[in-house]
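Fit chains B and C to the known structure of chain A by using the hints.
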Amino acid sequence: MPKKKSAPDWNYAPAPESSSQVNLAKRYDHFIGGKWTPPSNQSYFTSTNPATGKKIAEVADGSPTDVEAAVKAARAAYKGSWGKMSGRERGKYLYRIARLIQERAREFAIIETLDGGKPIREARDIDIPLAANHFFYHAGWADKLDYAFPNQKTAPLGVAGQIIPWNFPFLMAAWKIAPALATGNTVVLKPAETTPLTALKLAELIADAGLPDGVVNIVTGAGETGAAIVNHGDIDKIAFTGSTAVGKLIQKSLAHTEKRLTLELGGKAANIILDDAPIDQAVEGIVNGIYFNQGHVCCAGSRLFVQENVFDEVMWKLKRRMDSLIVGDPLDKNTDIGAINSKAQLKTIQRYIKAGIKDGGEIYQPSCDLPAKGNWCLPTVFTNVAQSSIIAQEEIFGPVLAVQTFRTVPEVIEKANNTPYGLSAGVWSDKGARLFQLTKSLQAGVVWGNTFNQFDPTSPFGGFKESGYGREGGLHGLAAYLNLEFS
Amino acid sequence: MERIEVLKTYKLYIGGKFPRTESGRYYQPAGKNGKKLGNICQSSRKDLRNSVVAARTALASWAPRDPFNRSQILYRIAEMLEGRSAQFVDELKQQGSTPTAARKEVAASIDRCIYYAGWCDKYQQTFSSVNPVASAHFNFSVYEPMGVITAIAPEQSSLLGLLGTVLPIITGGNSCIVIASETKPLCAITLAEALATSDLPGGVINILTGVRAELLPIIGSHMDINAVVASDLTDTEKSNLRAEATSNLKRTIFCKQDPAKTESPYPILATQEIKTTWHPVESSITGGSAY
Amino acid sequence: MKSHTKNTPARYIPSSSPPVDQVGIAERAARFTTRSIKDTTKRAGLNMVLNMIDLTTLEGADTPNKVRQLCYKSCHLHDSIPGLPTTAAVCVYPTFVKIARTALGPHSKVNIASVATAFPSGHATLKQKLEETTQAVGDGADEIDMVISRGKFLSGDYNYVFDEIAAVKEACGKARLKVILETGELGTLDNVRRASDIAIHAGGDFIKTSTGKIASAATIPVTLVMLLAIRDHYFKTGEMVGMKPAGGISKSKLALHYLVMVKETLGPEWLDNRWFRFGASSLANDVLMQVAKLESGHYQAAQYFSKD
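Here the protein sequences line up with chains A, B and C, keeping their order. Under my numbering, read the first sequence as residues 56 to 542, first letter to last. Under my numbering, read the second sequence as residues 1114 to 1404, first letter to last. Under my numbering, read the third sequence as residues 22 to 329, first letter to last.
In isolation and in its complexed conformation, chain A is listed as follows:
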C-alpha cells in the first residue's frame, strides 16, 4: 500500500505444528488381506519430505505378484463375508471409519503435510475433515441404494482397482474407497509413490475399525504397480485419478476387456471475472483457485479471464494479495503455500514458467524469502498471455496463473471453451441472469459461480471432454461402482 513505511512490519513468528502426535514406522509393507505383507521382491523405495528432502519412511515396491495377492484377497472378501453382508452392516463399518478419522485427524493432517508438502492449515481444515465426511456421507448410502436408481436393479461390480494421485493423497483415497465400499465392492488401492503414507495409515485405521480382511487392500509402488492393477484379469473396475495422458493409456490397455472404467483427469479451468463482479471476493477466488495446494489441483483456475474495463483494478488487487501470501515450511500454521510435491514436478513447473516468459508473457512473483532446502515455487502470474501460448493451453499443475482479457460475454465463452479439457470453471458476476448464461454455456463438470474450489461429499465431481468421465461424490457418483440394469 503506501510507499513510505511509517510502521514496522508486524511479521508472524514461526508457529510450527508439533509432530509429537505422529506415529510413523520406519518401514511399511503392503496391506493385503488384513495383514502387513512384505513385497515379494523384497524391494522398498523411500518417501521423502518435499520441504526438507529428508527421508520419512521406506515403502514396499509392489510387484505383479503383490498385486496378484491383493486381488486374491479382495476377491475372497467379495465372495466371502463382505459380499454377503447387508447394506446396513456395511454402512456401520463406514461410519466407524469416519469416526476414527475424526478422532485421529490431527495425526493424519501432520503426516499428509510431511509426506506431500501441503500447508498444515489445508491438511487440517480441508483434506482430512473432508475425507472423514466422505466416509460419513457414503456410509448412509449403503442400505439405500434402491432409492438412488429407481426402477433399476443394482449390484456391486466386484473388485475395484483404484489408482490415486499425489495432490490430495488421503482425500482421494476416501473419494475412492468410500463409494466403492458403500456399494458393496472390495478394493485394491495404490497411492501415488511420492505420497503413500496417509493411505498406509488409513490401512491401520481400517484394521482398527475391524473391517473383514481383504475388503480394503493397499499396495504401494509406482507406474508399474499401477499397470499391474490395470491389467489384472480379475479386477472388475478401474478408477483412476491422474493425468490425461495416463488416463488415455489406461483406456487403451483396457479396450479389449469389459472392465468398467472411470477417469478423473486433467484440467485447465477458466476463471472468469466480469466487470460487475464483487472484485475483492473475486480476487480471493482467483488466489484460492490457483494457489490452493500449490496449484497441484486438477480443477485449479489456471486460466484467468478478466473483462478489460476492470483489468487494472483486478491486477492491482491480485498482486497485493499475492504479496501477503506466506510461502515456506508446510508445518507452520501460517503457511499459505507449501512445498512443491517433488523435484520432478518442480522442474516441470519451472519449464513452463520459462516457456511463459519466452512466449512474451509478463511475469509477476512476490518477493518472499524461501527456505534454503526443499522444493519451492513462488506464486506466479503471467499477464499479456496469448490464447495460443503453452501456459494458456497445457495443464501446469503448479502455482502459475495465465491471465487473458476479454470484452464481451460471447467472446469469453468461446475462449473458455476453447480447450480439450472440461473439468471445472468459475464465473464472477453480481448479475444472476448473466451468471447463469455463463454457467450454462461453459463446458465443465463443475462450475463455481462467485466462489471457487469448493468440495463436498454430496456434490458430484468430474469432467467433460478430455478431463475424463464418471462422477465422484453425491448420488450420481454411486453409479461408477454399481452394475446397473441399463447402461
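Careful: at least some of the hints might be erroneous.
To be verified - Computed cross-link-like contacts, EDC-like style, restricted to lysine to aspartate or glutamate with a CA-CA straight-line distance of at most 20 Å:
| id | chain 1 | residue 1 | chain 2 | residue 2 |
| --- | --- | --- | --- | --- |
| 1 | C | Lys-257 | A | Glu-368 |
| 2 | A | Lys-303 | B | Asp-1337 |
| 3 | A | Lys-314 | B | Glu-1395 |
| 4 | B | Lys-1235 | B | Glu-1268 |
| 5 | C | Lys-87 | C | Glu-285 |
| 6 | A | Lys-303 | B | Glu-1350 |
| 7 | C | Lys-195 | C | Glu-260 |
| 8 | C | Lys-257 | A | Glu-363 |
| 9 | B | Lys-1351 | A | Glu-466 |
| 10 | A | Lys-486 | C | Glu-260 |
| 11 | A | Lys-374 | C | Asp-253 |
| 12 | A | Lys-495 | B | Glu-1257 |
| 13 | B | Lys-1149 | B | Asp-1312 |
| 14 | A | Lys-208 | B | Asp-1337 |
| 15 | C | Lys-257 | A | Glu-313 |
| 16 | A | Lys-110 | A | Glu-162 |
| 17 | C | Lys-119 | C | Asp-160 |
| 18 | A | Lys-109 | A | Asp-64 |
| 19 | A | Lys-307 | B | Asp-1348 |
| 20 | C | Lys-257 | A | Asp-330 |
| 21 | A | Lys-307 | B | Glu-1376 |
| 22 | B | Lys-1351 | B | Glu-1376 |
| 23 | A | Lys-90 | A | Asp-64 |
| 24 | A | Lys-486 | B | Glu-1350 |
| 25 | B | Lys-1374 | A | Glu-540 |
| 26 | C | Lys-148 | C | Asp-160 |
| 27 | A | Lys-314 | B | Asp-1348 |
| 28 | C | Lys-59 | A | Asp-330 |
| 29 | C | Lys-195 | C | Asp-163 |
| 30 | A | Lys-486 | A | Glu-363 |
| 31 | A | Lys-470 | B | Asp-1348 |
| 32 | B | Lys-1369 | A | Asp-367 |
| 33 | A | Lys-388 | C | Glu-285 |
| 34 | C | Lys-63 | A | Glu-368 |
| 35 | C | Lys-59 | A | Asp-64 |
| 36 | B | Lys-1369 | A | Asp-414 |
| 37 | A | Lys-307 | B | Glu-1350 |
| 38 | C | Lys-257 | A | Asp-367 |
| 39 | C | Lys-130 | C | Asp-226 |
Keep in mind the hints are simulated off the structure, nothing from the lab.
Only chains B and C this time, still in chain A's reference frame:
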C-alpha cells in the same frame, strides 16, 4: 401393358439434405429371397466428416432448445411416421419380416417416438439433484447433452432398433449421426424422408448407410465426435472402438439392453454429462436495536 | 453551512459502490482467524492493541467520578508491568468532555473522543447535532464519534446522510471525525459498503462500525467490508482513512485477529492508533491479563486487574 415401376434412389441424409455419397460407391444388400434391395450408398470418410459438421452446427440450436419444444418435435415425428406406416411395413417385408411382424414393428416405432417425446421435459426433473452441501452454497447437478453422438443402429431391427437408439440421444438435446443397418437399410432412408418433413431441424439426425466395418475406425478416431452408442458390436469391434476413442476420450456407450426392446429413461442419461453448479447463499446481518 | 435541499446534485451515486458477496467475505474473514500469533508477535500485537483502544464509558449511569477513573486508567493501565502504552483515547458523552479534559490535562497523549450527534439513535435535527458537536469540541474533545442517520440511509436519502456528515465534519474544526455506521441496523454488507463510501467521501477521518448499544456490533466480516472501502479509496486517491470497530471485542485473541486483518488488507502502515482503533470497555483488562501471562508465565485472574 404392365406399368413400369419407378425405382427409388436411396440417398444419405446429412444436414437436412439428401446427398449421394461423396465417394460415388454403392452396394446392393440382398433382401427376402435374395432379391437385391437396391443401390445403397456406401458412405465414406468424407460423408462422415460432412455429417459431423452438420451435427455440430445443429447442436448449437438443438441443445439449448426448450425441452417442451423438443417434445413437440418428437411428437411431430410420430405423426409423420404414422402417415408413412404402409411404406415402412412394405420395406420391412422386403427386408425379410413377416407382415405381422412388420406391422407390429412400425406401430411400436411410432409409439416409441411418443414415449421419448414425453421424456424430453421430464428426465431433467426426475434425475437432477439439489445437493445439500455443508456450506453456505446452493449446489445443484443437472444433465447436459454430451454433444455430437454417433449411433450404430442395430443390424437386425432396422426401424425400431434404430429409433430406440437414436431417440434417447436427441431427447437429451444431442445431435447425432446414425449408421443404419448394413443389411437392412431401407427403413432408415425412408425415416430420413419422414424426418425431413417433420419439424426436426436438419442436422439433428444424420443418417448414413454403408459398411459398418469400414466406418467404425473412422468414427473412433474422429476428434469432433463426443460419444459413440452401440448395442450389437462384436468384442473385437468394441475393443478397437474403445482403443481409438482414446484420441479425444470420446465416450463409448455399449448398451446391455436391446434398444428395440427398451423403453426407459436411462438410455437418455447415457449420453448426458452431469454439470454441478455452486453459488453462495447470503446471510443477512441480524441484530436490531435495543434502544 | 450547507443545507440539504432536493435540488442539490447527488453527492453519492449508489451504483458507484461495488457489490459485496457475503459468503466470500465470511470465508476470507475466517482465514484471518486461522493465523497463529505467537511469542514476540503476540507481545508486540498486545501492546498495539492497548495503544489502539478508545477506552469507553457510555452509560446512562456515568458520573464525573466514573469518567475521572476512566481517564486515570487510560494512562495507568497496569503500573506493575513497566513499559505499557496508554490507550489511544477515552470515549465519553459530550457532557463529560470538560471533566475528562481537566482529569487528563491539556497536553495528554490520550485523546478525548466524544459521541456527539444524538448518540446512539441519531434522531435529532441537524442544528442540534451541530450544536452538540461544537460544544464537545469547545470543551476540549480531540475526536468526535458521530452516528449517521440510519433511517434516512435506509429510506434511500443518501444525500441527506452525506450532507449531514459533511456538516458535522465542518463543525469539528481540527477534531478528527469518526463516523459510526451502526452496521447492525443496515441489514446487508452491500449497505455497509455503501454507508462506508458515503462516510469516506463526505469527509470522515475514521469509519466506525457500531455504537455498541445493539446486539450486532463489530464483527470481522463487517470490519473487512469497511477496510476494503478504505482500501479502494486509498487506491483511487492516495488518502488514508482510519477504521474503528466497536462493540463486542472483549478478548485479546479476537483483537489480534483484527490486527491480522488490518495488516493483510491495508498493510502495516495502518497498524497505528492514528489509523486503527478499538472501541471497547473491557478489552483492555483481557489484554493486560495476557501480557501479564506472557511476562510471568502464569495464567491470570481478573481480580488482580482494576476494573476502572
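Here's how the hints hold up against the structure:
no.: 1; hint: C:Lys-257 - A:Glu-368; result: holds, 10 Å
no.: 2; hint: A:Lys-303 - B:Asp-1337; result: holds, 17 Å
no.: 3; hint: A:Lys-314 - B:Glu-1395; result: violated, 45 Å
no.: 4; hint: B:Lys-1235 - B:Glu-1268; result: violated, 30 Å
no.: 5; hint: C:Lys-87 - C:Glu-285; result: violated, 38 Å
no.: 6; hint: A:Lys-303 - B:Glu-1350; result: holds, 18 Å
no.: 7; hint: C:Lys-195 - C:Glu-260; result: holds, 17 Å
no.: 8; hint: C:Lys-257 - A:Glu-363; result: holds, 18 Å
no.: 9; hint: B:Lys-1351 - A:Glu-466; result: violated, 39 Å
no.: 10; hint: A:Lys-486 - C:Glu-260; result: violated, 31 Å
no.: 11; hint: A:Lys-374 - C:Asp-253; result: holds, 14 Å
no.: 12; hint: A:Lys-495 - B:Glu-1257; result: holds, 9 Å
no.: 13; hint: B:Lys-1149 - B:Asp-1312; result: violated, 33 Å
no.: 14; hint: A:Lys-208 - B:Asp-1337; result: violated, 34 Å
no.: 15; hint: C:Lys-257 - A:Glu-313; result: violated, 63 Å
no.: 16; hint: A:Lys-110 - A:Glu-162; result: holds, 18 Å
no.: 17; hint: C:Lys-119 - C:Asp-160; result: holds, 5 Å
no.: 18; hint: A:Lys-109 - A:Asp-64; result: violated, 33 Å
no.: 19; hint: A:Lys-307 - B:Asp-1348; result: holds, 15 Å
no.: 20; hint: C:Lys-257 - A:Asp-330; result: holds, 17 Å
no.: 21; hint: A:Lys-307 - B:Glu-1376; result: violated, 32 Å
no.: 22; hint: B:Lys-1351 - B:Glu-1376; result: violated, 24 Å
no.: 23; hint: A:Lys-90 - A:Asp-64; result: violated, 54 Å
no.: 24; hint: A:Lys-486 - B:Glu-1350; result: violated, 50 Å
no.: 25; hint: B:Lys-1374 - A:Glu-540; result: holds, 13 Å
no.: 26; hint: C:Lys-148 - C:Asp-160; result: holds, 18 Å
no.: 27; hint: A:Lys-314 - B:Asp-1348; result: holds, 13 Å
no.: 28; hint: C:Lys-59 - A:Asp-330; result: violated, 40 Å
no.: 29; hint: C:Lys-195 - C:Asp-163; result: holds, 8 Å
no.: 30; hint: A:Lys-486 - A:Glu-363; result: holds, 18 Å
no.: 31; hint: A:Lys-470 - B:Asp-1348; result: violated, 40 Å
no.: 32; hint: B:Lys-1369 - A:Asp-367; result: violated, 56 Å
no.: 33; hint: A:Lys-388 - C:Glu-285; result: holds, 16 Å
no.: 34; hint: C:Lys-63 - A:Glu-368; result: violated, 34 Å
no.: 35; hint: C:Lys-59 - A:Asp-64; result: holds, 15 Å
no.: 36; hint: B:Lys-1369 - A:Asp-414; result: violated, 50 Å
no.: 37; hint: A:Lys-307 - B:Glu-1350; result: holds, 14 Å
no.: 38; hint: C:Lys-257 - A:Asp-367; result: holds, 12 Å
no.: 39; hint: C:Lys-130 - C:Asp-226; result: holds, 19 Å
Consistency note: the structure conflicts with the earlier hints numbered 3, 4, 5, 9, 10, 13, 14, 15, 18, 21, 22, 23, 24, 28, 31, 32, 34 and 36.
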